[in-house]
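Student: Sequences and hints are given; from them, build the entire structure.
Number of protein chains: 2
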Amino acid sequence: MTSPMAMQAVENVMLNVINSDVKTLRDASHHILEAGGKRVRPRLLMAAYEALGGTDIEYAAPVAGAVELVHTASVVHDDINDHGVVRRGRPSVNAIWGRTFALLTGDFLFTKVYELMAPYKDLNIVLAEATVALVEGETLQASAVKEKNFTRQVYYEIIARKTAALFKAAGILGARLANAEEKVVEALGNFGFNVGLAFQIVDDVLDLTADSVQLGKTSGIDLAQGRGYAAAYATNGEANGGLAVAEAVEVEDDPMKTIKQKLLKGDAIAEAHLQAEQLVASAVAYLDVLPESEGKRQLIELANLVVNRDH
Amino acid sequence: MTSPMAMQAVENVMLNVINSDVKTLRDASHHILEAGGKRVRPRLLMAAYEALGGTDIEYAAPVAGAVELVHTASVVHDDINDHGVVRRGRPSVNAIWGRTFALLTGDFLFTKVYELMAPYKDLNIVLAEATVALVEGETLQASAVKEKNFTRQVYYEIIARKTAALFKAAGILGARLANAEEKVVEALGNFGFNVGLAFQIVDDVLDLTADSVQLGKTSGIDLAQGRGYAAAYATNGEANGGLAVAEAVEVEDDPMKTIKQKLLKGDAIAEAHLQAEQLVASAVAYLDVLPESEGKRQLIELANLVVNRDH
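Chains as they are written, first to last, in my numbering: chain A, 18 to 328; chain B, 18 to 328.
Hints are computed from structural coordinates only; laboratory data are not their basis.
Careful, some of the hints might be misleading.
Copies of the same chain look alike in the list, so a pair counts if it works inside one copy or between any two.
[What the hints assert, rightly or not] Straight-line Cα separation of at most 27 Å, DSS-like style, residue types lysine-lysine; simulated pairs: (1) 138 - 200; (2) 40 - 163; (3) 55 - 313; (4) 40 - 165; (5) 313 - 200; (6) 165 - 138.
Quick caveat, the model's predicted, so the values are computed rather than measured.
Tutor: Spelled out as structure tokens, the structure:
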């Protein structure tokens with residue numbers, strides 16, 4: 018995996034930039050950041066950078082930190098909308114500081130992203146567009162829940178934007194920081210995109226099968242809101258999404274019990290896992306443009322870890 | 018005032034950039050933007066640009082649009098926290114689309130800011146820092162309400178960050194876009210800062226004295242939450258803020274009646290208006306570095322309009 022020095026540099030950048038003199042913002046930001054998290058996006062960025070010959074960790078770390086702050090900000094806001102009370106094994110910002118301060122903490126983190134990115138000129142647009150996609154994906158998801166329209170196609174569109182776009186940006190940014198040629202930048206973007214899709218599918222499956230302690234966040238929220246891969250997969254690919262609608266309705270009446278049992282019985286979980294594995298295989302194939310190296314090996318390891326995890 | 022062509026260019030930039038293919042984000046963003054608003058921040062930026070010899074409206078307009086989007090995003094989030102139901106004479110985003118979509122619309126607008134700013138290299142940090150200050154100011158305000166600590170000093174700190182910092186950024190950005198020398202950039206920043214303070218003081222007074230129809234937003238919310246210039250001024254400058262605490266408590270019990278009557282009887286309103294006028298005079302004095310010109314006249318006119326308005 019990425020060098021511990023690289024990841025420590027990313028942590029330092031993030032912890033430094035959130036040191037506002039406004040106590041609540043400082044405390045809440047430290048709370049969510051110091052809870053850890055998998056740091057998979059900045060790992061991907063730093064691994065891509067190193068795989069392409071980049072050696073200036075101090076130069077790349079602020080961009081990796083910015084990518085993780087986008088994710089962290091979205092998580093803080095997500096917990097407001099979902100009433101999530103546990104996140105990364107700790108009470109959510111929302112649960113401790115309340116909605117108003119959680120909203121402002123998310124805004125603060127979103128804004129700190131651009132303070133970090135300001136020196137990086139042409140890279141700004143990459144992260145800005147990925148962040149727009151993330152917000153659009155979250156919005157599509159909230160709309161799908163409201164309209165009870167959870168087909169596989171809608172699910173794919175949602176996770177492509179809310180998760181895979183930022184993974185793609187991490188790949189592109191790592192490559193661009195290393196001054197890679199355009200063909201390689203594209204390959205790393207495609208690698209990130211496919212890893213991101215796989216990551217979200219596994220996340221949604223874990224949300225169904227793992228408990229809160231293992232996950233470190235309120236389990237079943239995603240399903241309870243009628244979202245999640247398994248719910249979409251339970252349509253067994255029916256284009257009209259008839260079953261998906263039925264699921265969503267049922268979910269609202271009885272969030273966990275019925276659906277969870279139903280999904281765990283069927284082939285949906287296994288099918289989802291298979292798809293995630295296929296996506297990781299596609300992702301790894303994009304790395305064919307790179308010569309063998311320790312860095313390439315790290316990227317492949319990271320991609321495989323995304324599907325082989327229990328939290 | 019700024020040329021109609023300049024302000025039309027700013028409108029076009031904003032309306033273009035928010036055209037997401039996600040319907041809710043597009044509709045909600047159009048709803049809040051097309052309601053109008055005073056556009057005082059982009060006006061200040063464009064007037065500063067023109068006053069300093071800038072002529073390329075298409076070059077300056079996206080930055081002015083970005084400044085207005087920061088303000089608009091903060092307004093959308095503010096209405097979530099304050100339960101505001103009227104904004105710019107229309108139902109708030111929150112009132113129409115609900116909290117989840119309002120939160121995401123605010124995030125969307127905050128992010129579009131950086132899509133607009135991406136080409137402007139070194140100017141990015143100016144707006145990023147002003148946006149951080151804005152979020153910090155909102156947080157200080159929410160903390161002051163919670164802790165019932167509304168002294169004049171706290172009030173000043175709040176409005177300096179939540180409002181004046183963005184006005185200052187508008188002045189700086191307008192000047193930097195026109196390639197003004199550092200001394201002039203600073204002067205325009207100070208002009209903006211003082212105009213911003215005056216603007217917020219007048220806003221808070223209007224929140225007390227005008228009704229909702231005139232204001233175009235839910236009147237009395239600011240006061241009901243124990244904030245606002247008048248509440249702080251009712252301490253008559255007492256450093257211990259004893260009276261301010263009493264006010265805040267009372268406000269919670271009976272939001273409008275008692276306090277409004279009390280404040281309108283005393284000298285607080287007149288005193289606040291006097292201070293706003295003094296701030297505008299200070300602001301205008303910073304323009305002494307500029308030779309007389311139509312642009313300078315426009316900046317002075319804009320500063321005076323900030324205090325002489327009824328909504």
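Student: Hints first: check each against the structure and report whether it holds.
Tutor: For each hint, the structure was consulted:
Taking the shortest alpha-carbon separations for residue 138 and residue 200, both the intra-copy value of 21 Å and the inter-copy value of 25 Å come in at or below 27 Å. In this homomeric assembly, residue 40 and residue 163 come within 27 Å of each other (Cα to Cα) only across copies, at 14 Å, whereas the closest approach inside a single copy is 37 Å. Taking the shortest Cα distances, residue 55 and residue 313 sit within 27 Å of each other inside one copy (20 Å), while across copies they are farther apart (54 Å). Taking the shortest alpha-carbon separations for residue 40 and residue 165, only the inter-copy value of 16 Å comes in at or below 27 Å, while the best intra-copy value is 41 Å.
Taking identical chains as interchangeable, the C-alpha atoms of residue 313 and residue 200 lie at most 27 Å apart only when both belong to the same chain, with a minimum of 16 Å there against 51 Å between chains. In this assembly of identical chains, the alpha carbons of residue 165 and residue 138 never lie at most 27 Å apart, being 42 Å within a copy and 43 Å across copies at closest.
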